[in-house]
Amino acid sequence: MKILVQSEAFDLGAEVAALSQGRTDIGAIASFVGLARGMNDGSGVQAMTLEHYPGMTEKALARLVEEARSRWTLLDVTVIHRVGRLLPGDSIVLVVVVSRHRGEAFAACEYLMDALKTRAPFWKKEETQEGERWVEARASDDAAAARWIEP
Amino acid sequence: MKILVQSEAFDLGAEVAALSQGRTDIGAIASFVGLARGMNDGSGVQAMTLEHYPGMTEKALARLVEEARSRWTLLDVTVIHRVGRLLPGDSIVLVVVVSRHRGEAFAACEYLMDALKTRAPFWKKEETQEGERWVEARASDDAAAARWIEP
Amino acid sequence: MKLHVLYFARLRERFGVAEETLDFTGATAADLISQLQARGGVWAEELAAGRAFRVAVNQDIVALDAAVPDQAEVAIFPPVTGG
Amino acid sequence: MKLHVLYFARLRERFGVAEETLDFTGATAADLISQLQARGGVWAEELAAGRAFRVAVNQDIVALDAAVPDQAEVAIFPPVTGG
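Protein chains in written order, with this note's numbering: chain A, 1 to 151; chain B, 1 to 151; chain C, 1 to 83; chain D, 1 to 83.
Hints in this document: simulated from the structure, not taken from any laboratory.
It should be emphasised that the depicted structure is a prediction, and the values quoted were computed from it without experimental measurement.
We treat Cβ as the ideally placed atom computed from N, Cα and C, and that holds for glycine.
Mixed in with the good hints there might be a few duds.
Quick partial rundown of chain D residues pointing at chain A, CB under 7 Å, derived from the structure [claimed, not checked]:
{"#": "1", "residue": "W43"}
{"#": "2", "residue": "Q59"}
{"#": "3", "residue": "P79"}
{"#": "4", "residue": "T81"}
If the Cβ cut is set under 7 Å, some of the chain A residues that face chain D in the computed set are [said to hold, decoys possible]:
{"#": "5", "residue": "L4"}
{"#": "6", "residue": "F10"}
{"#": "7", "residue": "A47"}
{"#": "8", "residue": "W72"}
{"#": "9", "residue": "K124"}
{"#": "10", "residue": "E130"}
{"#": "11", "residue": "W148"}
Distance ranges between label pairs, derived from CB positions [to be verified]:
{"#": "12", "chain 1": "C", "residue 1": "G41", "chain 2": "A", "residue 2": "A146", "range": "56 to 62 Å"}
{"#": "13", "chain 1": "D", "residue 1": "G50", "chain 2": "A", "residue 2": "M1", "range": "45 to 51 Å"}
{"#": "14", "chain 1": "C", "residue 1": "D60", "chain 2": "A", "residue 2": "R69", "range": "51 to 57 Å"}
{"#": "15", "chain 1": "B", "residue 1": "Q129", "chain 2": "A", "residue 2": "A14", "range": "51 to 57 Å"}
{"#": "16", "chain 1": "A", "residue 1": "A14", "chain 2": "C", "residue 2": "G41", "range": "35 to 41 Å"}
{"#": "17", "chain 1": "A", "residue 1": "D142", "chain 2": "C", "residue 2": "A49", "range": "50 to 56 Å"}
{"#": "18", "chain 1": "B", "residue 1": "E130", "chain 2": "A", "residue 2": "S7", "range": "24 to 30 Å"}
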């Protein structure tokens, strides 16, 4: 398990290779990369700044990964989230899950993204033509996270 | 849309970069890589050979991608499937989907893998200690594909 | 009419044939399967009712009641196992 | 007792404070929110009932009825928007 919060860019290929190289028990690698878009809610976005809660962030991400590992049989997980100022097209977040079978890798990867969006202490501020604005939480993210709550 | 059937290895990082570089409209990149495992159904697998139906394969994959694009709003898709002899740890298949929002990228990526497993003409033959054997189709793959059939 | 028939994977190995051109007097994929079953031996065994195989006509997987046009490329193969 | 209180994102900007140490005589997170609301102005406005904010005690998000122990690190912030 590797969890990083960093300002630097990450390398998807290198992270996947680090998880899988030299192993012959992995059948499935599911990965997700989230990128900063140049347009959001109808406004051009020139840049965004990601703030976080140092100390809690790593702890919250580790908990989400542990939850995923208790739900599905996973072989390894990497989560990297960037902070600081990012430009449109820049990568923001990476989640890679490796497992024997694809169903588990897909489910855990999507679960981690949905959980991260609602439970990890990151906040986005966008720079637009109309000035700066904090991104508001989305009801669609709450709905996505709620899908995983077991009855 | 890029669809390739090839014996050569592919490079996940390079394929993702080719889809996303220079764009600022992509918010989500979901990708899947399937690997050859060294153990299957309780037997050690020394190697496998992937056979396909040249001509139909590309056509079948293109149809699956078109189906995914008609179901979800996607920005681009890459599918690469290897054929020939592969060793444990080697990559077999790559699916990358880019879209504005993560829900669509995840759904389309998983849909494409489930559909490919049941509808694209590839066959695996494994070399084990007990000799060669053709891999049998799995009921779990049929069940996974059936999830996407709309009522 | 003439058909070009292809076999893949386990069926190719069992039949010992990768492709052949044959005369066909039937109308549907089921008629072609019956014609091949009539060869007996592994043909009768592998194409028996209840055995899992797939038929593609001109590179589309079809149901057994599908029509087979003249000069069609017909492929017969086991359920697929790629990915 | 003493609490170390942190504010993030929009709330940090609105309050003009990133962190402070304060005396607390209540017991729960709701008591702390009441104490801060009593400052009036942006505090009363942003922490009013019905406003969306989150409270973490010692780096775990908690409900407002959660107990706040002495020397706790309490963080108050808007709903998160990362990823």
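Hints, verified against the model:
1. W43: violated (18 Å)
2. Q59: For D:Q59, the interface hint holds, since the closest Cβ of chain A sits about 4 Å away, which is under 7 Å.
3. P79: holds (3 Å)
4. T81: holds (4 Å)
5. L4: violated (14 Å)
6. F10: violated (14 Å)
7. A47: violated (16 Å)
8. W72: violated (20 Å)
9. K124: holds (5 Å)
10. E130: Because about 16 Å separates A:E130 from the closest Cβ in chain D, which is outside the 7 Å limit, the hint is violated.
11. W148: Not OK, violated: A:W148 not within 7 Å of chain D, min 15 Å.
12. C:G41 <-> A:A146: 56 to 62 Å: At 59 Å between Cβs, range holds.
13. D:G50 <-> A:M1: 45 to 51 Å: violated (39 Å)
14. C:D60 <-> A:R69: 51 to 57 Å: At 42 Å between Cβs, range violated.
15. B:Q129 <-> A:A14: 51 to 57 Å: violated (35 Å)
16. A:A14 <-> C:G41: 35 to 41 Å: Since the Cβ atoms of A:A14 and C:G41 sit about 55 Å apart, the hinted range of 35 to 41 Å is violated.
17. A:D142 <-> C:A49: 50 to 56 Å: holds (53 Å)
18. B:E130 <-> A:S7: 24 to 30 Å: violated (53 Å)
Violation of the numbered hints given earlier is confined to hints 1, 5, 6, 7, 8, 10, 11, 13, 14, 15, 16 and 18; the remaining hints are satisfied by the structure.
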